Structure formats: structure tokens, C-alpha cells
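Protein chains in written order, with the UniProt record's numbering: chain H, 1 to 304; chain X, 1 to 427.
Hint data in this document are derived by calculation from the structure and do not stem from the laboratory. This structure is a prediction, so every number in the text was calculated from the model and none was measured. Even glycine gets a Cβ: it sits at the ideal position worked out from N, Cα and C. Wrong hints could be hidden among the right ones.
Below 27 Å or equal to it, Euclidean Cα-Cα: the simulated DSS-like pairs (lysine-lysine) are [to be verified]:
| # | chain 1 | residue 1 | chain 2 | residue 2 |
| --- | --- | --- | --- | --- |
| 1 | X | Lys231 | H | Lys47 |
| 2 | H | Lys58 | X | Lys166 |
| 3 | H | Lys47 | X | Lys80 |
| 4 | H | Lys58 | X | Lys91 |
| 5 | X | Lys328 | H | Lys58 |
| 6 | X | Lys190 | H | Lys47 |
| 7 | H | Lys131 | X | Lys104 |
| 8 | H | Lys58 | X | Lys229 |
| 9 | H | Lys58 | X | Lys80 |
| 10 | H | Lys131 | X | Lys171 |
| 11 | X | Lys104 | H | Lys58 |
| 12 | H | Lys131 | X | Lys166 |
| 13 | H | Lys47 | X | Lys104 |
Not everything, but these chain H residues come out facing chain X in the computed CB check (under 8 Å) [to be verified]:
| # | residue |
| --- | --- |
| 14 | Thr42 |
| 15 | Ser62 |
| 16 | Leu144 |
| 17 | Glu145 |
| 18 | Ala148 |
| 19 | Ile247 |
| 20 | Met250 |
| 21 | Asn255 |
| 22 | Asn271 |
| 23 | Asn294 |
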Amino acid sequence: MKRDNKMTVIFLTPALLSFCLVFLYPTIRTLFMSFFYVRTVTDNLGKWEFVGIGNYIKLFSSPMFRQSLVNIFNIWFWGGIAVFLVALVFSVILTSGYKGKSFYRAAIYLPNVVSAVAMATMWIQYAFSSKYGLFHSVFTFLGLEKAAAFQWTSPDNQFFAMTLAYCFGMVGYYVLIFMAGIEKIPVDYFEAARLEGANLFKQFTKITMPLMRGVIKSSIVMWSVTSIAFFIWSMMFSPLDPDVGTITPMVYMYNLVFGRNLTPTDPRLLNAGAGAAVGVLMTLMIIGVFGLVNFLIRDKKLQY
Amino acid sequence: MKKVKMILMSTLVLITALSPAFATGQQEAANSDSVNLVYWSMWNETEPQAMVLKDAIKDFEKMNPGVKIDVQWNGREIRKTLQPALDAGTKIDIWDEDLERIVKTWQSYALSLDDFYGKAYPSTNGKTFTDTVMGSLQTLLRSFSSDGSLYAVPYQPMVVVVFYNKDHFDKAGITSTPRTWDELLQACSKLQAAGYTPITIDDAYIDLPLGMHLNRMYGNPESVEALVKDKTGNLWDAPEVMQTAKDFEALAPFMSPQVATNKWPAGQQEVATDQVSIYLMNGTWLPNEVMGTTGPDFRWGQFPYPAVTGGVNNNGGTYGAQGFQINKNCENPELAFALLAHLTSGKWDKELAAKTYGAPMDTSMPWPSQIEECRPIFESLDSWIPWSGGLAADTDAFPVIKAEYTRLLAGQITADQFVRNVKSALK
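Next comes chain X alone, as it looks inside the complex:
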């Protein structure tokens, strides 16, 4: 009798412990008659991007009866949760994140999409999907992968540019945007004469101008990476480095006095609240981020990072996108790609761009007025420069360089001191 009691008790404890597992099993069994796709999203449910995607997915379900898309709104946590889930065999058909990250990190889990790109979809107006997507992003996608294939579908393209307040430029009598470093300094001086603080940036983006400047000087990110990784410090004696430091030394008097203390978003708020005229470098998302402060009527303008004296490549730029990937184990890849085409071209691409004041993916769509000057910049770029131009290639050197550069830009140290400090820190 005692034995029976014990067995009964043990079974009871086990059943209690395992009951959630049973519940999930039953739920899955009930849904087996419809086609299910599971999408793990990089957005939080309340973000504008998620709102548009939700409506677009509902529309897709209406157009495809019997299809059900289960969305899990992960937010940026997806970077940590996705891979363990994929390794554990969780059913995830589609996921998204930064285009470069997904291809470089999760290519081995993703389906090659070259065949799907060659077909037309209801939202592509009779064109193939390839003809709809920006060519530069397709090239970029192929360059990220190890075998030159397309492992993702890009959306929400972005480009890193210099932002400015058109009203300030008008009032200061600046008629054309600066194309060279000297013209930038002249524009800053005019803005200062007109009573404005000319230029600012935040800690989050402060490495971008330095990376871009060095890329203009050297012509390629590899040289910048070598510079950062140089443990002898000798490469820092190069004239390109000193010229770069001198250029920023000349810009320092025009910087906002609080630039060294600007914790994001303090600097972009300086521009949004009309106190500063130029934001040195930021992504296409800037107008959307400060929309709450500026309202939609703020007259944003953009120009590419200026050409530098002695520069060898003045037409490179940092650009990219978010991207979707399809699991290589997905049971319905055609359907999954049809969904991605539905989300990233035609009506919903336009809607996403409009609601987020961002750039559309579809080449036939107009760009929102706040960032319309970004479009020709995007189209004129002839080479791709990674985020911060290769400065982040060495995780030990990067923070030191960033700190010294902040001091230089804030006018706390001279160009000579900058080079000397970085050299001694890297050794």
C-alpha cells in the first residue's frame, strides 16, 4: 500500500511540474489545420514600425485565407534570444535585425533567396523583386555573405549624413551646402556670425566623423582598421592622421560648448530645439527620433560628409538597412517570401516610410520630405564604409581613441596632443 501511495505521489508531483508543457502541446495540435508562419520581430509592439507591420500582416492574412502569422515582438533583445532559440530547434520561420548583423551572424541558419528575388509578387507591380529593391543594397547584401548569395530581404534603408536646419542656413545667408571641409568651416563661421551655435553631436555618434574623415584620407576602411590595430603606434605618425586631427582642431571652436558632455540624445535635442544648426553625422532616422520635439514642419536638410583636402575617396558613405531572413528549415519558404515581398514593397513599404519618416525600400516610392535630400546622396555613393569607418575593429583601442577625439572636438586638447595621447595609449 505504501509503495502505491509513493508512486501516486511521485506521479502527481511530476504531472504538476510538467503541466505547462502539456498545455503547449495541446495548443499546437489544435492549430495544425492552418498554415502557420512564426515571425520573431526586432521591434517592440508599441513602436511605429511594429504598428505598420501588424496592419500589413493582417492584410496579408486577409489576402491569404488559412494563413496565420504568429508574431513574437522581441525588441532588440532578439540579438541575444534568437540564436539560442534556433539552436534549440524552436519553430521560427522569419526574423529581422540589422542587415549586416543578420547576414554576418546568422547566414548559416538562413535560406539563400536568389531564386525568390527573380520572381514577381502582387506588390511589385509586375516587376521582379530584384528590380524593386535598391541595387546598392543588393550588392551590399552579397558582399556580407560568404558565398555572394542573397541571404536577406532589406527594408528601411538608412544612410549616414550631415543634418542641418535649413532656416538657420537661410538666415545666415548660406546658399549652397558645404561640399568641402573648408566650405564647412566657412558655413560654420557664417552661422556663428548670425548668432547660432554652428555644430554639435552626441557621444553615441561621435566616432562617425572621425571614421569617415580617415576613410576620406586613406580611401578605404582597411587602412583605418590597420591604424587602430597598430600596437606600435607608428602608423599614427602618418601625415593623413595629423591632417585629420588638424581639421577637427579647426572645427572645435564652432562646436557646441557642451559637446564633451553630450549623452545621447542631448546633442540631437540641441538641434531639435533650434539652438544648434548642424548635427555632424547621424542616420536617416534622426528626424523621426526628434519628431516629438520638432513637429513635422521642421525644415531638415542633409548633405554628404564633406570632401577633405588631400582625400583619395570623397564619395564613400555608410549606409545599410534592416533586413528579414527566412529560416533554411522553413516548411513554406514561398509563402514566407511572399510575406516579405508584401511587407517591403508597394503599399506597405510606403506606409512604413510615411509612419516612421524613414526611407522606403521600393525604388519607385517617394521619400518623406524630412529626408528627401538623402535620396540623391544615397544614390551618389560609390563605396560602402562600415559604421565608424573601421575604428571599432579593435575593442581595446576604440574607447581610448573615442575619448581622445571627444577632447579634441571639444577644444580641450590640440591636434598634436591628440596624436601623442592616442599613440601612447595604444603602445
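For reference, chain H alone in the conformation it holds in the complex:
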């Protein structure tokens, strides 16, 4: 077929223009804005005040912003390990020929269908409640008084409670991805290994894992993107003002740009420029993770 360049141009131009308009322009503007003091997002350029890296210095000198970085690292690292381990175990079990695979797969995936707002409300009011909560009832039934009295949503424990609830909802998604990855590996490998006398653990470490490199790699990147933008769960756990245990960079940014929810923020505390700086830092974090993952998990010739 003859290639018609003009037609390509005609049909690509709107897509390219919209890409530049809705993606490239805001990205560049955000980067640019992070070096200025800008009170509100819609302030025109004339009102912008150049501060160099002042916004970044301000951010790193704020104990709450530093706390938000600690929180997000813990969610990403410990939460990631937990989610990936549980998801791998589930996907290996579900792909090893048990009956009712699709039922279990659907059941594990179900929390992803429910909106995060509903999920968080359910966890806070029905699972963690120290009076009627599921954990309270189950532990009381089992006679474990100390465990039943555990204060899930108190200032000391709410970070743990929030991360647990979040990770619970994320497992199903990765089970689905890992299952698809495992199912793509030819059955012959496993059959041959079994004939040679390899047990399930050996098969997992010597066949499944090495052949899943690509899948794991992209899953880590996806996990990083979603967890670094951690927001809704924090807002559900402390809807009015962020707490030490629930603050994340995204919530910090939201408060800088839009102000707090109940207490009217002193307008002088609003700083969309510093908010943009948080956005830039979050992007850098994701790029950093991406680079690290690419460095640590090299592509091998054979993978699925």
C-alpha cells in the first residue's frame, strides 16, 4: 500500500496537539512553577515571584513533609513486599490446577471493583472499630483479649492500619497480573521438572520466578506509580487535617494548593508553587524507582 504522509499528518495533528496541550504543557508549567512563589494555581504569570530552589528548601525543612516521605517510603517498600508476596502465593496456588480457579480469582479481585472511598469507610467503621469491629469481635471470640483491645485507629497505630487496609485491596490486582504471567509459561517446563522430581517450591524458584522477570518488573513500576500517588486512603483516615500517621506527599501538596478542609487556611500559607515542587519530587521518585528497577532486574532473553 502506498504510504500517504499527508493523511498521517492530518489524522495525527489533533492527537498530537491534544497531547501537548493536556500533558506536555502542564508538565513543563509545573516544573517552571516550582521555582516561583505562586499563591493560587490560576494566578497569572505577572503575579509569580521567583524564589529559585526556595520552595524545595522550604519543603525539606518542614517536619511534616519529611514525615510524608517516610510514610510513603514505608507504604511503598513494606506494603510492596507484603502485596507482592501474598499475590505471588495466591497466583501460584491458583494456577496449579485447583478447582474453582475463576471463582477464587474473582473473589480476590473483588476489592478492586469497590471504590476506595467505600473500602476505606468499611475498614475504618466496620473492621477497625474498637467496639463493633470485625477484628475486635473475632479476637474476643477466640479469647485473645489483648489482641481484641488493640487500638487500630489510634495515633500510634493508624499508619499500620491504613497500610494494611490499602494493601488488602491491592492484592487482587497483582494476583491477576501474576496469574496471567504464570499461565503464559509453557506447561512442558513444569512437567519436565516434575518428572525430574522437582517439588512445588523448586519449580517456583527455578522456573516461575526467572521467567516472570518482565512481569514483576512492570508490576513494581505500576505499584510505585500508584503508591507514590497515595491520597484517597489518607483523606479517608483523616478527612479534615492530615495526621502524623496519614500524611503523604500528595496530601501535603493538596493542602498547600487548596488549603485545609475545615479550618480556613490562612491565605498566606497557600503556595501552589511549593505544591508544584512536591509534584516534581514525586515524578523524580517514580523515575528513580524506574531506573533502579531497570538496573536491578536486567532483561533476559527468555521471559514471559
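Please arrange chain X on chain H, whose structure you already have, making use of the hints.
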């Protein structure tokens, strides 16, 4: 020929892309013969406030033929969407949100309303609008603005008070509401003896009593702000701070055992379900929020935050309202203000108060029975204290103080530990 084809194709693509813009343009042109006001509302369409406002607006349109009010029900998202829309020149004549927020944030977009306040409207019964609106709210409005003018019309006033269950007080033999901190502790002890859990609060409001207590001690929110912003931690050595901490340490044994874990609305449900007698501090909206649980016959009572030993200002309080603003570029400001007067005084003010079990704006209207004890409290306040009393002035310190205070109130730490922990966290 090819060129013609290309031009035709490009035009087609452009027209397809721009067609929604053309559609809106035509719609606006069709409506140009009537007077249109655009109102961006802070309510969601299904909220009781929105239902009343909708009926009131319909009534206003009936009374003013040819006038059409277009309402956009934004919900609380308006805080984020309003300013970009105003900056982009969107036609918005009226908007509403928290009174303090609108004046402090959007004063430069709003019309000064002093002249309009001086006139009478059909719903004000021959009085001027100024005479209809609570004086304290007008003073507050002027204090929020940079030039002392009135930049908003308040409605749905609210005051922060202590809520209690009258049945529990009766059964525990408490005949008068506590006026001092010691009386509060005595009342709690009587309630406990009668078999009730005396007092509770939620995470969402837990900063209010601490802020109020410190305001009673220091007499003004500025001192509390200085305390929060103190990076040396030295101000926390003051006797006022230790006294405050000791007072709450004494209250801790009476608190609900789940107070540290109370995620809103768990604590207010404790009171609504008859398990706890006092809700330490909340706004006038509390009875409405838990109406689904309590029903309208629950015997609510209210008293002001008690006076504290050694306190210098025991008559201050947190109060406010929602408020409407009119765009300074509005083409029909008289009509817009007439609408606001229609919504916030007379029949519709009464209706809004009744449907939401909230306070009316119009001074001549009765208050719903669930919050009628709030009225004398509101009228007796002699100074205004901001929400959480100035504790929120430093966004870095506030969460730390709140967490330590939660531990103190839950009896997990002592007053000494509270002061020590806060000091070391602020340094």
C-alpha cells in the same frame, strides 16, 4: 484537487472538535431575552439544604417573572473549582461556602454589600436587612475583610458548644449544667456513678477543646498561635500550659475508652446511641447529623465550654455561618441581593432551619427545639475564637500536638509527658 480534499478534511476534523463549543454558544443566545443569574452552590443536590434552596429559588422565580436562576450544585468541591472558574471569566453571579473562607479567600472577587444591607426587602417585614441579621455575625464579617466592609450574606449560623443527653443528666441527678471545669468533673463523676460513660469526642473535633481551653487560659487566640509556632519549645513551660494539661489529665478517666480510636462519626454515634452522655465539643449541626440514629425526640441539651480555673476570658466562643457572595462583575447586583435576602430571611430562612434542625439567620425566628439552648449561648459570647482556637496556625506543629493531646485525653500519657513530648517534637 488534492489540496481541496486536504482543506476539506482539516475543516471537518476541526468542526468535529469544536462542535460542543458551538452548541453552548447557541444555547446562551436562545436565553438572552430573560434575566439570568448563575448560582454556584456549596451543596450537593440531594442534601436537605439544597432541597430547601431549590424550593426557595423556584418561589423567587415565581415572584419575579422573567428571572431565571441557574444553579450548579458543586458540593464542597467548590473550594477547588470556584477560583479557577472566576479567573477564567465564567459567568457566576452568586456563590456560597464557609463565611470566614469566602471573605478571606475571595473578597477581591466579591461585591461590597454595605448599601444593600441598609434597604428593606419583601422578606424582612419592613425592617432593613441589617436589622434582620445577627449583629455578632455582621461584626465578624467586617473583621474578616481587609477594609471593614460587608462582603457576604451569612446564613445557617453555627456555634461550637458542649452537647449532652438530658435524660442521662436527669437520671444522674445533675440539676444544672456545669459552668466551671470542676463542675464538669463533678458531673462526669455523677454520670459515671449512675452507670454511664460520661464523655467522648471524635478525631475530627478533638482539637477544639484543647484550643478553647488554652484560649480561656490566655484570653486570646494570638497567644495560642505563638505557642504553636514556637520553635524553641520554651513557651510550653508556661504554667497555663501545664494547668491545661493537668485539667485534661483529670478528665481522662471519664472519657470513653475508645476515644483514641474514634474516627468520625464513631464518637458522635456513641452519644446518639445512648452509650455516652456528653460530646465534648461540636457545632450546632450535630443533632441533624445523627438524626437518622436518634430520631427527632432525642433530648439534646447544650452548654458553653466551662470556665477554667485561672482563666482570663471565659466568655469567648467559636461561631460562624455559611455565607453567600455576589460577584463584583454581576450585571444585576440588586436582583442578586434580593434573591439572597429572599433565601436568608423570613419564610425560607425558617424553612431551612426547620429542615436541617439548624439555626435561623433571622433574629425574629425561633430556633429548633434540639438546639434551642444554643441560642442564649450564642448571644452571650463576647469574643470570637477561631476554629481550634489558633492551634492550626502552624501546619507542621498542629498534627503533632493533636496526636499527643489524643494520647493525653485517652489516659495513655500524663500531663507532664504531654508537655515534654510536644516540646521535644516542636524543637
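For the pair we were handed, X/Lys104 and H/Lys58, check the Cα-Cα distance against 27 Å.
holds (24 Å)
Need the status of pair H/Lys131, X/Lys104: alpha-carbon distance at most 27 Å?
Status violated; Cα separation ~41 Å.
Should the hint that H/Ser62 touches chain X count as held when the rule is a Cβ pair under 8 Å?
Where the cut-off is 8 Å and the nearest Cβ of chain X is about 5 Å from H/Ser62, the hint holds.
Holds or violated: X/Lys328 and H/Lys58, Cα atoms, limit 27 Å.
The hint is violated at about 36 Å.
Tell me if the interface restraint on H/Leu144 is satisfied: Cβ within less than 8 Å of some Cβ in chain X.
Status violated, d = 18 Å.
Does the alpha-carbon distance linking H/Lys58 and X/Lys229 stay inside the 27 Å limit?
holds (16 Å)
H/Lys47 and X/Lys104 were given as a pair; does the straight-line alpha-carbon distance stay at or below 27 Å?
holds (19 Å)
Does the closest beta carbon of chain X sit nearer than 8 Å to the beta carbon of H/Asn294?
violated (36 Å)
H/Glu145 was flagged as interface toward chain X. Is the shortest Cβ-Cβ separation under 8 Å?
violated (13 Å)
Between the alpha carbons of H/Lys47 and X/Lys80, is the straight-line distance 27 Å or under?
The given pair, whose Cα atoms are some 19 Å apart, holds under the 27 Å limit.
Given the hint that H/Lys58 pairs with X/Lys91, does the C-alpha gap stay at or below 27 Å?
Roughly 37 Å between the alpha carbons, so the hint for H/Lys58 and X/Lys91 is violated.
Given the proposed pairing of X/Lys190 with H/Lys47, does the C-alpha separation stay at or below 27 Å?
violated (60 Å)
Figure legend: structure checked against the earlier numbered hints; hints not met, in rising order: 1, 2, 4, 5, 6, 7, 16, 17, 18, 20, 22, 23.
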